[in-house]
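Asks: Based on these hints, arrange chain S on the given structure of chain A.
From first to last, the protein sequence lines are chains A and S.
Per full-length UniProt numbering, the first sequence starts with residue 1, numbered consecutively.
Per full-length UniProt numbering, the second sequence starts with residue 1, numbered consecutively.
Heads up, none of these hints are tricks.
Derived PhoX-like pairs: lysine-lysine, alpha-carbon spacing no greater than 25 Å straight-line:
{"id": "1", "chain 1": "A", "residue 1": "K196", "chain 2": "A", "residue 2": "K112"}
{"id": "2", "chain 1": "A", "residue 1": "K87", "chain 2": "S", "residue 2": "K82"}
{"id": "3", "chain 1": "A", "residue 1": "K222", "chain 2": "A", "residue 2": "K196"}
{"id": "4", "chain 1": "A", "residue 1": "K162", "chain 2": "A", "residue 2": "K190"}
{"id": "5", "chain 1": "S", "residue 1": "K145", "chain 2": "A", "residue 2": "K46"}
{"id": "6", "chain 1": "A", "residue 1": "K134", "chain 2": "S", "residue 2": "K134"}
{"id": "7", "chain 1": "S", "residue 1": "K44", "chain 2": "A", "residue 2": "K137"}
{"id": "8", "chain 1": "A", "residue 1": "K196", "chain 2": "A", "residue 2": "K137"}
{"id": "9", "chain 1": "A", "residue 1": "K134", "chain 2": "S", "residue 2": "K44"}
{"id": "10", "chain 1": "A", "residue 1": "K34", "chain 2": "A", "residue 2": "K80"}
{"id": "11", "chain 1": "A", "residue 1": "K3", "chain 2": "A", "residue 2": "K80"}
{"id": "12", "chain 1": "S", "residue 1": "K46", "chain 2": "A", "residue 2": "K153"}
{"id": "13", "chain 1": "A", "residue 1": "K82", "chain 2": "S", "residue 2": "K87"}
Computed footprint of chain A on chain S; a stretch qualifies when at least three of its residues, placed anywhere within it, have a C-beta under 8 Å from a C-beta of chain A:
{"id": "14", "segment": "88-100"}
{"id": "15", "segment": "128-138"}
Per label pair, the in silico range of CB-to-CB distance:
{"id": "16", "chain 1": "S", "residue 1": "G217", "chain 2": "A", "residue 2": "M199", "range": "41 to 51 Å"}
{"id": "17", "chain 1": "A", "residue 1": "G126", "chain 2": "S", "residue 2": "S45", "range": "32 to 42 Å"}
{"id": "18", "chain 1": "A", "residue 1": "S37", "chain 2": "S", "residue 2": "K153", "range": "25 to 35 Å"}
{"id": "19", "chain 1": "S", "residue 1": "L146", "chain 2": "A", "residue 2": "N120", "range": "22 to 32 Å"}
{"id": "20", "chain 1": "S", "residue 1": "N120", "chain 2": "A", "residue 2": "E186", "range": "34 to 44 Å"}
{"id": "21", "chain 1": "A", "residue 1": "Q218", "chain 2": "S", "residue 2": "N197", "range": "46 to 56 Å"}
{"id": "22", "chain 1": "S", "residue 1": "R128", "chain 2": "A", "residue 2": "E111", "range": "15 to 25 Å"}
{"id": "23", "chain 1": "A", "residue 1": "K40", "chain 2": "S", "residue 2": "G217", "range": "37 to 47 Å"}
{"id": "24", "chain 1": "A", "residue 1": "E111", "chain 2": "S", "residue 2": "P124", "range": "14 to 24 Å"}
{"id": "25", "chain 1": "A", "residue 1": "M199", "chain 2": "S", "residue 2": "K80", "range": "32 to 42 Å"}
{"id": "26", "chain 1": "S", "residue 1": "E42", "chain 2": "A", "residue 2": "K40", "range": "43 to 53 Å"}
{"id": "27", "chain 1": "A", "residue 1": "P210", "chain 2": "S", "residue 2": "G156", "range": "39 to 49 Å"}
Derived by calculation from the structure, the hints in this document are not laboratory data.
Glycine residues also receive a C-beta, built at the ideal position from the N, C-alpha and C atoms.
Protein chains: 2
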Amino acid sequence: MAKDMTLLWGSGSPPCWRIMIALEEKNLQGYNQKLLSFEKGEHKSKEVMEINPRGQLPAFKCGDVPLNESCAACFHLECKYKTQGTKLIPDCEVGRAQILQRVFEVNALVEKSSSVIYYNWMVPEGERHDSAIKRNKEALTAEVKLWEGYLQKTSGGFLAGKNFSLADVIVFPAIAYLYRFGLSEERYPKLTEYYKNLMNRPSIKATWPPTWKETPGQDILKDI
Amino acid sequence: MAKDMTLLWGSGSPPCWRIMIALEEKNLQGYNQKLLSFEKGEHKSKEVMEINPRGQLPAFKCGDVPLNESCAACFHLECKYKTQGTKLIPDCEVGRAQILQRVFEVNALVEKSSSVIYYNWMVPEGERHDSAIKRNKEALTAEVKLWEGYLQKTSGGFLAGKNFSLADVIVFPAIAYLYRFGLSEERYPKLTEYYKNLMNRPSIKATWPPTWKETPGQDILKDI
Chain A
1 MAKDMTLLWG
11 SGSPPCWRIM
21 IALEEKNLQG
31 YNQKLLSFEK
41 GEHKSKEVME
51 INPRGQLPAF
61 KCGDVPLNES
71 CAACFHLECK
81 YKTQGTKLIP
91 DCEVGRAQIL
101 QRVFEVNALV
111 EKSSSVIYYN
121 WMVPEGERHD
131 SAIKRNKEAL
141 TAEVKLWEGY
151 LQKTSGGFLA
161 GKNFSLADVI
171 VFPAIAYLYR
181 FGLSEERYPK
191 LTEYYKNLMN
201 RPSIKATWPP
211 TWKETPGQDI
221 LKDI
Chain S
1 MAKDMTLLWG
11 SGSPPCWRIM
21 IALEEKNLQG
31 YNQKLLSFEK
41 GEHKSKEVME
51 INPRGQLPAF
61 KCGDVPLNES
71 CAACFHLECK
81 YKTQGTKLIP
91 DCEVGRAQIL
101 QRVFEVNALV
111 EKSSSVIYYN
121 WMVPEGERHD
131 SAIKRNKEAL
141 TAEVKLWEGY
151 LQKTSGGFLA
161 GKNFSLADVI
171 VFPAIAYLYR
181 FGLSEERYPK
191 LTEYYKNLMN
201 RPSIKATWPP
211 TWKETPGQDI
221 LKDI
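This is chain A alone, in the form it adopts within the complex:
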């Protein structure tokens, strides 16, 4: 069933990881997949561009339909395989609304993380300012506190309610990314608990970024 799907991915990329978790949760193992290297520029290769004209990973195709936006891909898999594997969007209206809210809110977290983690990569040397780095770090700190607060208010250990859902599929990789880049485990106890609990979930364990197993993380976020 998964044989008509192709995923070109990069290790450690939260958008790629989301799709891989969703595929595991929906019991869609056996899809065609290829690990590419960002460092070697393989995300700009012809085989990627043919699926994803933005030259980004993931490049994901379900049958003939490209679904390169990782959240779109996860939604699609849940809609198409609604009754297979884990139910990622409940029928309950309130539960669904909470999940939708968190799914779209992840953009703010990703944007603010990237502005700190990739500052030197995104901003040429002559344009860098300590004041900008400070502002970006403050914005990320406020954002992480917001998510810590969300987890303080939920009771089931998941982001939206008592069950693992599409919100976790989509947000977990962005949270794991923070720890990979040095977020303090002590400063955000609920977030850390969430992170440590979910890292042992089979779908997440099976798709853990291979490069993260082989190389140490960084400490860019240690003062967030």
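Replies: Showing chain S alone in chain A's frame:
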């Protein structure tokens, strides 16, 4: 039916506008609404913060459930009122996948537009660089060309297929925003055609930003 919904909004904000278009399309007129002023800082007021802790507009509540992420709100309205008003997500799998892809792709368009339109607002004076402005404009130009290309390839005059869909609800305000800020009508003929056709759609006409009717636009994007 719409009486249990509350929308606090700002004129000209694409996220606010999305929700208003979705409400019109789903025949959900009569909701509680209040126009607030960004200039007066009313988006940081207590009544907003109670619904949206980020202090941003829209602040939208459906019953007791906050749905401040505009795309989440639109999805929710379509799921909850599936058989009422315009069908915004088709049952057809391929059509749905195309819509999902465009819906999530809008983030790239919004981010790149904002980095040009709000450069002086986001970047303090001492941190501004002509080289950054140039780079941001180039990135936005490439992005707008991508959307022009999407519209060249569709046949029905809408973003995803032959019918007005959730992709149009969500992306149209971001495209109208480009023209409000001076995008050339000549340089992007398909995008302009799309913009001009949809501006007369009843749901869009009924929700056109009031401040846009009263004040002239700007020309920040004239060389994009």
